[in-house]
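Participant: Spelled out, the chains give:
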Amino acid sequence: MASALYFCDDKGKPLLSRRYKDDVPLSAIDKFSTLLLDCEEQSSILPPCISHSGIDYLFIQHNDLYIVALATSLNTNVATIFTFLHRLMAVLGEYLKTVEEESIRDNFIIIYELLDEMMDYGIPQVTETKMLKQYITQKSYKLVKSHKKKRNAARPPTALTNSVSWRPEGIKYKKNEAFLDIVESINMLISQSGQVVRSEIIGAVKIKSRLSGMPDLKLGINDRGIFTKYLEGNDIGTSPAVEEVDDKAKKTKNNESSITNDGKKARSNIELEDLKFHQCVRLSKFENEKIITFIPPDGDFDLMNYRLTTSIKPLIWCDVKMQTHSNSRIEISCKAKAQIKKKSIATNVEILIPVPDDADTPTFKYSHGSLKYVPEKSAILWKIRSFPGGKEYSMRAEMLLPSISNTEETKLKRPVQVKFQIPYFTTSGIQVRYLKINEPTLQYKSYPWVRYITQSGDDYTIRVSNN
Amino acid sequence: MPPLDKKIKKFLKNSIRVAPKISNKGELGELRTGLVSPYPQTRKDAIKKTIQQMTLGKDVSSLFPDVLKNIATVDVEQKKLVYLYVMNYAETHPELCILAVNTFVTDSQEPNPLIRCMAIRTMSMIRVDKILEYIDTPLRRTLQDDNPYVRKTAVICVAKLFQLNKDLCVELGVLEDLTKALDDTNPMVIANAIAAITEINSMDSTAIALDKLIQSHVSQFLLALNECTEWARITILAALAEYTARDSLEAKDIIDRVTAHLQHVNSAVVLATIKVILKNVTFLDPNQYSPDSKIMKKISSALVSLMSTPPEIQYVALKNIRIILEKYPEILSKELRIFYVKFNDPMYIKLEKIEILVRLVDMSNIKQCTLLLNELKEYSMEFEPEFVSRAIQALAELGIKNGNEMFISKIVDIINNELLERGLETVRDDCCIAMSNLLRCCSTNETMIQQICSTLNSWSAPEDTLTTDLAKCHYIWLMSTYPNHFPSVVEKLTAFVTNFLQEESLTQIIILTSVIKLHSRLEGSVLQNIFETATTHDSVELDVRDMAMIYWRCFSMEGTNDQLINDLCNSSLPKVENILDKFSPETLEKLLTELGTISSIYFKPLDDDTVNASRKRRQIVNQNIIHGKQLNELQDIAKNELSGGHEDVLLDFGDDDSNFINNNSNSGSALNELDDLFSNMNQGVNDLNISQQTSSTTASSENTNKTSNATNTQDLLDLF
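Protein chains in written order, with this note's numbering: chain A, 1 to 467; chain B, 1001 to 1720.
Worth double-checking, as some hints may not be accurate.
[Claimed, not checked] Which bits of chain A does chain B cover? Going by a derived footprint, with three or more residues having C-beta under 8 angstroms, they are: (1) 277 to 288; (2) 436 to 444.
[Said to hold, decoys possible] Computed cross-link-like contacts, SDA-like style, restricted to lysine to any residue with a CA-CA straight-line distance of at most 20 angstroms: (3) B:1342 - A:193; (4) B:1377 - A:195; (5) B:1048 - A:115; (6) B:1058 - A:102; (7) B:1334 - A:187; (8) B:1342 - A:441; (9) A:285 - B:1259; (10) A:419 - A:115.
[Stated by the list, open to error] Below, a sample of chain A positions facing chain B; criterion: calculated Cβ distance under 7 angstroms: (11) 76; (12) 80; (13) 112; (14) 115; (15) 160; (16) 165; (17) 274; (18) 320; (19) 324; (20) 415.
What the hints contain is simulated information worked out from the structure, not anything from laboratory work.
Glycine is no exception: its CB is placed at the ideal position from the N, C-alpha and C atoms.
Just chain A, with the same shape it has in the complex (with noise of 0.2 angstroms):
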């Protein structure tokens, strides 16, 4: 496994490191750097991964940051190194609320500490940080001011190396609740004629747990793991499975009559095996019954995850047109709509059009939200804070181009990005029917509260024409 992790700036000199294994020589993390420069001067292409002279330096970024692990044989297991140096960046930015050089410079005694107690030789031990909390005692350079000294001496929890290791005894809470986030968010790729090329739904159930003691939960979502996707009908364009599978979804409704709050939704049950669920959830329990059963970690967790790549039509969609006069100006317009059911409001909507690099002197004519030239991004950001379903707004802008141009210039081939949130809907249709809380010493009774929401992922995106 792992020889080495070093914590390494943005040109790659080592900060902070700890060795776990004297196979690697400790000028190893010295050529890093070099080894990185190198690989910049090759090639735009810079894997996660460079090997020179017999070891791997296997490295994530975050922030400014390079984390590198060290490994001498070919036999390490990279999958586990990089989940780990992920983790251990979440673990440190729950200590370090951002992770940093700075921040590092900062912490040195409480990342060693961590350090020490996360890995063994290389080899991942605890990465809780609920558990860590619990017995690595130092406090971060954030909290330096609050510091009250414990008077009991740490000592590891015994709950750490028990079957449930995610959760120590004795929490309490006066007040016990369950909150429940449902978040979808949705990446999509459309080409500039409207069709939807790619798209994907990403969905996270998120808790956060205030229960005392040891609560075993159980969830249930639209019957048992199948979930129930909406077609709205009219909106997403008429699928041949709708009238098939239409008797079988009403029996569902009646079934489910408690969480329908739509009757004129057509259904059809879509299985979703693409399911990832967090330690704590007992898989071979879902496995064999598919009921998600758990005893969750104290606070805020990802339950479980899923995905789903139905074809969806786009939520926002924007229509967007450039037409260029060489070396004179460059005219844009975009027709933005939501298409989404009337009663629901996206907000935040963000439209982020890109222009050329050397336009300038932006002049814009817009009826909604307000619009800005941002040149660090070479693009123009149209910001609507609500935009209701079924409405059209429309903007156009005109900004100039240098008359002398490279007539070797790439042309630009940047998409045009929106972000969005849609509260109070959810795109798959997952409802969630109960969450029963059951704590079997403490019998106390508690009541969940459930949110929905669907938001833009990461890649909502747009391709432009070019003319």
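Please build the complex by placing chain B on the supplied structure of chain A, with the hints as guidance.
Facilitator: Below, chain B without anything else, positioned relative to chain A:
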């Protein structure tokens, strides 16, 4: 009130405000006074500052004794700090640690498990023989500790000890304790024990019988699997992947037991699970793992889900998918869109995705092919040069994989009309290569020949505008194959001939063969000149010279050889079926057992050489341990070290020779091109397989040389 007064005084004395503060300058003197300060808070602060200086790269080893004095404390935090300091110097200044050996032994009996762990962990890292001898009792005791947290740390210490001193480790008999730990009640201890045994096995395969142990513990592993941390699961799954099931029933059982882990959120767990399943699936009835089977669908969706992870993990997944696809080509055929390139993907992901896309596409599904064609077309219109170049290459790969002339002519249209119309010189090389490859697939289609050749003919001075070797080769080859379609073939070829000496050897060879093919069109002196240059000039590579030599002799033979020259000049190439790289069956099987490892990223399966190399490396490092010195001697050294100059005990060891080149695939396809071009000269050449294993251009071009000219040489030998 005197008592209160006293209290306040005491409080002030102990509080941080009164205790002298240590500045951030980190001067040794100041730190030293701080370390021996009567105020506990100051001392602690001083240790922290010392560690800070140490991290910044300052040598604070001279403070060792002063820091060590602080280890005897009830304050766990302070103790930890001292251990952090000691551990750092355990490696570079092992002699110093001798001073602390007694504390370690005492601490290993502390009631607080955290301290027991720290003591044993630190001790097992110090590379001094004599200290290692003291480890005996503490290690044994901690291996039997009541607390699983301590046991899990202790089992790993056995592996550390083994690395430092194999003989001692065997002598102490802790290896037996380690194997017993596999039967521990705690899953985490079991997992760490497997990890430790695997480590030991990789250092010396004779020390411990890993295979046997795995065999006898499979049921324990399967039980522990559901109850431990994600990292422990990875270790256990890795061990299970080493196990060969006895029969199909057992294989089925293992698959059933691990399948649930495909839904784990940790990508490494998912990959490890896939590895176990793929290993066992071969024991089953082929029907049970057909592409439509439940298990394969599950693997497929697990692989797809890895595409929404951070880019580094995606990279590993994509590389592994490529391996899996070659064995099970249909596994992901419905998931084409997942692998479409995202705008903000890093470049290395984009390129890998294209690799997968062309391999993935189902050729019987016309709609899918057209979809991919349109997508690749979009890519080839982007602006990043590497990406565009790869996309154009992929267009050719797709066309050839499809093989339908209509489809290919559509691709040629795209390249010819849309890509080249953009007027970018940078894409010319790639377009030239792609079109020539596509033409090889339908070499009889007159309209296509006409279309391609007229475009290429219109390029002025190709010897200067084409930059890569390969592109030049293809250009010249096209000219020599379809000379009638190049009105200006003579001038163009002559221009190349003039540049002959400046070209790379690959281009030199193709120039040579082209001149021979077209010798009747060229002036007589051109042929003579090129023979002379190629055979007499020193800078010409041996292969090229030999080849020129052979042809020259052919041409200088008297009268009887018209037939031979005719054969040489008018041969045609076999049709290209596939230009995608493939692994050899042995490589593929090996790689499938190495999913998730570094070797699976480089497509470089482990062999004995590399394993030995890494073993050797460890041995070299081990020599740095100080052997056979008496304790008092060492203490002297330690004292000297503290007072005098700090000599680095580490030897500077040389770099290993094993060099992993990641361009296997590139050279593979380049050579393949070369093979094809060569076969021009020989009619009887068999199907040319893509060779992944060829190591360097020279070596293999020699090989090809030999094969392609075998018949000619035979003729010559007969004559002389």
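Participant: So, for every hint listed, does it hold in this structure?
Facilitator: Each hint, compared with the structure:
1. Against chain B, the stretch 277 to 288 of chain A contributes 8 residues with a C-beta closer than 8 angstroms to a partner C-beta. That satisfies the three-residue criterion, and the hint holds.
2. Under a criterion of three residues with beta carbons nearer than 8 angstroms to beta carbons of chain B, the stated coverage of the stretch 436 to 444 of chain A fails, only 0 such residues being counted.
3. Only pairs whose Cα atoms come within 20 angstroms are accepted, and residue 1342 (chain B) paired with residue 193 (chain A) is accepted, the gap being roughly 18 angstroms.
4. Under the criterion of a C-alpha separation no larger than 20 angstroms, the hint pairing residue 1377 (chain B) with residue 195 (chain A) is consistent with the structure, at around 16 angstroms.
5. For the given pair, residue 1048 (chain B) sits about 16 angstroms from residue 115 (chain A) by alpha-carbon distance, which is consistent with the 20 angstroms threshold.
6. Between residue 1058 (chain B) and residue 102 (chain A), the direct Cα distance comes to roughly 19 angstroms. Compliance with the 20 angstroms bound is thereby established for this hinted pair.
7. About 19 angstroms separates the Cα atoms of residue 1334 (chain B) and residue 187 (chain A), which keeps this hinted pair within 20 angstroms; it holds.
8. Taking the CA atoms of residue 1342 (chain B) and residue 441 (chain A), the gap is near 50 angstroms; set against the 20 angstroms cutoff, the hint is violated.
9. Note on residue 285 (chain A) and residue 1259 (chain B): the hinted pairing holds, with a Cα-Cα distance of about 12 angstroms set against a maximum of 20 angstroms.
10. Our distance criterion of 20 angstroms between C-alpha atoms is broken by residue 419 (chain A) and residue 115 (chain A), whose separation comes to about 37 angstroms.
11. With its C-beta approaching chain B no nearer than about 5 angstroms, residue 76 (chain A) sits inside the 7 angstroms limit, and its interface hint holds.
12. A cut of 7 angstroms between beta carbons decides the hint on residue 80 (chain A): the least distance to chain B is about 4 angstroms, and the hint holds.
13. With a least beta-carbon distance of about 5 angstroms to chain B, the hint placing residue 112 (chain A) at the interface is held under the 7 angstroms criterion.
14. Violation of the interface hint for residue 115 (chain A) is found here, the shortest Cβ-Cβ separation to chain B being roughly 10 angstroms, above the 7 angstroms cut-off.
15. Taken as an interface hint, residue 160 (chain A) checks out: its beta carbon lies about 6 angstroms from the nearest beta carbon of chain B, inside 7 angstroms.
16. Here the hint on residue 165 (chain A) is kept, as its CB sits about 5 angstroms from the closest CB of chain B, short of 7 angstroms.
17. The interface hint given for residue 274 (chain A) is met, as the beta carbon of that residue sits about 5 angstroms from the closest beta carbon of chain B, less than 7 angstroms.
18. For residue 320 (chain A), the interface hint is violated, the least distance from its beta-carbon to any beta-carbon of chain B being 15 angstroms, above 7 angstroms.
19. At its closest, the beta carbon of residue 324 (chain A) sits 15 angstroms from a beta carbon of chain B; the interface hint therefore is violated under the 7 angstroms criterion.
20. Proximity of residue 415 (chain A) to chain B holds as hinted, the smallest CB-CB distance being about 5 angstroms (cut-off 7 angstroms).
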